[in-house]
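A.B. asks: Those protein sequence lines, which keep their order, are chains A and B.
For the first sequence, my numbering begins at 1 and goes up steadily by one.
For the second sequence, my numbering begins at 1 and goes up steadily by one.
Be aware that a few hints might be false.
One copy or two, it doesn't matter: identical chains are merged, so the pair holds either way.
Using 20 Å as the maximum straight-line C-alpha spacing, the simulated EDC-like pairs for lysine to aspartate or glutamate come out as follows [said to hold, decoys possible]:
| no. | residue 1 | residue 2 |
| --- | --- | --- |
| 1 | Lys58 | Glu93 |
| 2 | Lys5 | Asp131 |
| 3 | Lys58 | Asp383 |
| 4 | Lys58 | Glu12 |
| 5 | Lys175 | Glu12 |
| 6 | Lys58 | Asp338 |
| 7 | Lys58 | Asp258 |
| 8 | Lys75 | Glu377 |
| 9 | Lys296 | Asp365 |
Just so you know, these hints were derived from the structure itself, not from any lab.
Protein chains: 2
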Amino acid sequence: MIDDKLNLAEIEGGITAPGSFLAAGINAGVKSGSIKKDIAVIYSPNETTTAGVFTLNKVAAAPVQWSRARVAQGKARAIVVNSGNANACTGEEGLANAEKMAVWTADALGIAKEEVLVCSTGVIGVQLPMDIMEKGIATACTIISPQGGHDAAEAIMTTDTYAKEVAIEMFIDGKRIVIGGMAKGSGMIHPNMATMLGFITTNVKIAPVLLQEALFNAADQSFNMITVDGDTSTNDTLLALADGSSGLAIVEEGHNYDEFRKALNYVCTRLAKMLAADGEGASHFLEVQVINASSKNYAKLAAKSVAASSLVKAAFFGQDANWGRIICAVGYSGADFDPQLVDIDLQSKAGSEPVMRSGAGLTFDEERAATILAEKEVKVLIDLHNGHYDATAWGCDLTYDYVKINGDYRT
Amino acid sequence: MIDDKLNLAEIEGGITAPGSFLAAGINAGVKSGSIKKDIAVIYSPNETTTAGVFTLNKVAAAPVQWSRARVAQGKARAIVVNSGNANACTGEEGLANAEKMAVWTADALGIAKEEVLVCSTGVIGVQLPMDIMEKGIATACTIISPQGGHDAAEAIMTTDTYAKEVAIEMFIDGKRIVIGGMAKGSGMIHPNMATMLGFITTNVKIAPVLLQEALFNAADQSFNMITVDGDTSTNDTLLALADGSSGLAIVEEGHNYDEFRKALNYVCTRLAKMLAADGEGASHFLEVQVINASSKNYAKLAAKSVAASSLVKAAFFGQDANWGRIICAVGYSGADFDPQLVDIDLQSKAGSEPVMRSGAGLTFDEERAATILAEKEVKVLIDLHNGHYDATAWGCDLTYDYVKINGDYRT
């Protein structure tokens, strides 16, 4: 797939796509009896610029506390991740264990423990099986390779049904720029998502403050549009490492930085949409676009409110054109708008059906609406006719399987 | 049941318990083919003081717009309610229809249309069947009686599985004070509840500003603790009529007003808990008590966040002692607290099990926890050890049936 406007092309390889990064994903047995891969290591032989976005939850897991302090220094060389155990609410022992993960990774790779970022995802409140972690980390560090991206993407999964990875290449000043990324599932997406982990690698050289700003902005219009600000888990983390191996250096704002930002947004949005589509038990992928709002914030609030509404989500599961729940969710979103001006359309590749005009419901063709909603990917278009700001949020429907998965996750 | 501390006793009769109010509930056929009662009328032969609390949703249904304006005048004599159709997003025609409901009720009862409050609940965006409404309202007004409270409570139900009513009597200055109430279901309770309607009748005489204040405060610690402020439907309405027939007049703050407020809080809390227990598809009733918070607002935020968490709700459906999701929901609630100080206990009539102490998970007896969670009514006790403010929220679990009910409600 080529995006002409962005002048970039998707390529294979996930987080090892830049070529200069090594990775591995192995089964260590973090979750007793499971044969699923559960430890991932990403390593940069080169020095990097590092940026991160972390959970706003007051209860931050031990690895978040460790990694937040390391990112503040801005010079990581490796990331170690385990699934199967979140190392959250684990007290002093948990903090010590997060540090041990960094130490073992650093020792195996011959770097300093301060250069290792740590992420965990899984059950809360249980201490990590440290003998298994030690062996697993050592093994993973032994087999890291430029082809290990996909294994790493598999190793970070929890209830995800498939690995999420994407990579792009583009040319700036004649240099081949690559951005690779992988992410793991957001569980129910909203209102209180399971852990979201995201990892970005790139071969640009970039000033730390610029990378941090670009990553923060990319997260804001991608991962944050499948959840609600503040409603984050104890472990949510998005990390980016830039190693400069492309030869391109972005040291100030301007054209090159803009191109990089657009590409980073693209990668993060692709990953975020994959997370939404793979929401626990989801049978439909929902895109909610709000246009012509009177501010960017109102557009975002309205779009997220609709995508997050359990009643809307349940209606899409039932393939029910229940636009009343949609306008209701816009109404309590906190966005300012005039209810008398609102238009709503339901869309999919099967067609487009207007269901509300100027704030009043239309008598529409139920059969045509049902055909549209039977598609796997469905879009809600909401025109507030109140300004010129747009925003898009993504989500999934609410299904029996969601309840099943979350009714018995821990045991 | 007698509450000694409050010095009140529950009695029969719902909203007609004061004796001076008349009511009826009939099947008019608002929802084609349904034999369920769907029109309710409450009438006060005496003049009343009137108060109301309405949805904060930007999209307010036509009956809400009508009733809000009437309550501002403070002198209603009747309330007409229909279920089966919300008369929301119905434009000018909907506003005219809400007024017609008031006119027909006023004509039948011989009062002014401005003395009639109107409420609707049901599907959004469909015009009311006005021929059916006209006949139904006329019939209901003909058969209103002092015994009609229960029929009225049945007529306002939508997906509720039973009618919610409560009434109390108490003595103040030798006068027998009665407060009656009825309410209808909040659907999923949160995050975007279906319409909540509540109605209160009482035989005290009370200054309008005091009744409004008392009702607002009662709603804040009852109905608002089973939902989240702002996340209200297009139709949510709580109305109170006080007719003064007891001979007791409350004209200023002081002992008598305090006693009345406590009793009103009791009635509203009883109704709110019934709504939570009857959440769509619910198999467990959840009470979340947060104690020792550093402010009342933080206590409320934390309690509501836990009660509203879909992950917590799904865990209780699975009878899974997943306290990690509980502390996570406290963490993103917006409440300020120290994670290192938090204690959590799971309780029911089968016992009490500490699952977190000082912010770290305990190794607890899974079997005993399972026994506790198997009970229909389960309580989460969260001690923040951070101040001296408490709050309680109520909710229910998230079940397969919730998804089923909401996946196909409109059709």
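A.B. asks: With reference to the structure, classify each hint as holding or not holding.
C.D. replies: Hint check:
For the identical chains of this complex, Lys58 and Glu93 are intra-copy neighbours only, at 19 Å inside a copy versus 49 Å across copies, given an alpha-carbon limit of 20 Å. Within a single copy, Lys5 and Asp131 get their C-alpha atoms no closer than 50 Å, and across copies no closer than 57 Å, so neither meets the 20 Å cut-off. Taking the shortest Cα distances, Lys58 and Asp383 sit within 20 Å of each other only across copies (16 Å), while inside one copy they are farther apart (36 Å). Taking the closest pair of Cα atoms, Lys58 and Glu12 never come within 20 Å of each other, the shortest separation being 37 Å inside a single copy and 47 Å across copies.
Taking identical chains as interchangeable, the C-alpha atoms of Lys175 and Glu12 lie at most 20 Å apart only when both belong to the same chain, with a minimum of 19 Å there against 82 Å between chains. For a Cα distance limit of 20 Å, the shortest separation of Lys58 from Asp338 across copies, 8 Å, qualifies, whereas the shortest one inside one copy, 36 Å, does not. Taking identical chains as interchangeable, the C-alpha atoms of Lys58 and Asp258 are never at most 20 Å apart, the minima being 33 Å within one chain and 38 Å between chains. When the C-alpha separation of Lys75 and Glu377 is checked against a cutoff of 20 Å, the pair qualifies neither within a copy, at 40 Å, nor between copies, at 52 Å.
Taking the shortest Cα distances, Lys296 and Asp365 never come within 20 Å of each other, neither inside one copy (33 Å) nor across copies (50 Å).
Checked against the numbered hints above, the structure breaks hints 2, 4, 7, 8, 9 and satisfies the rest.
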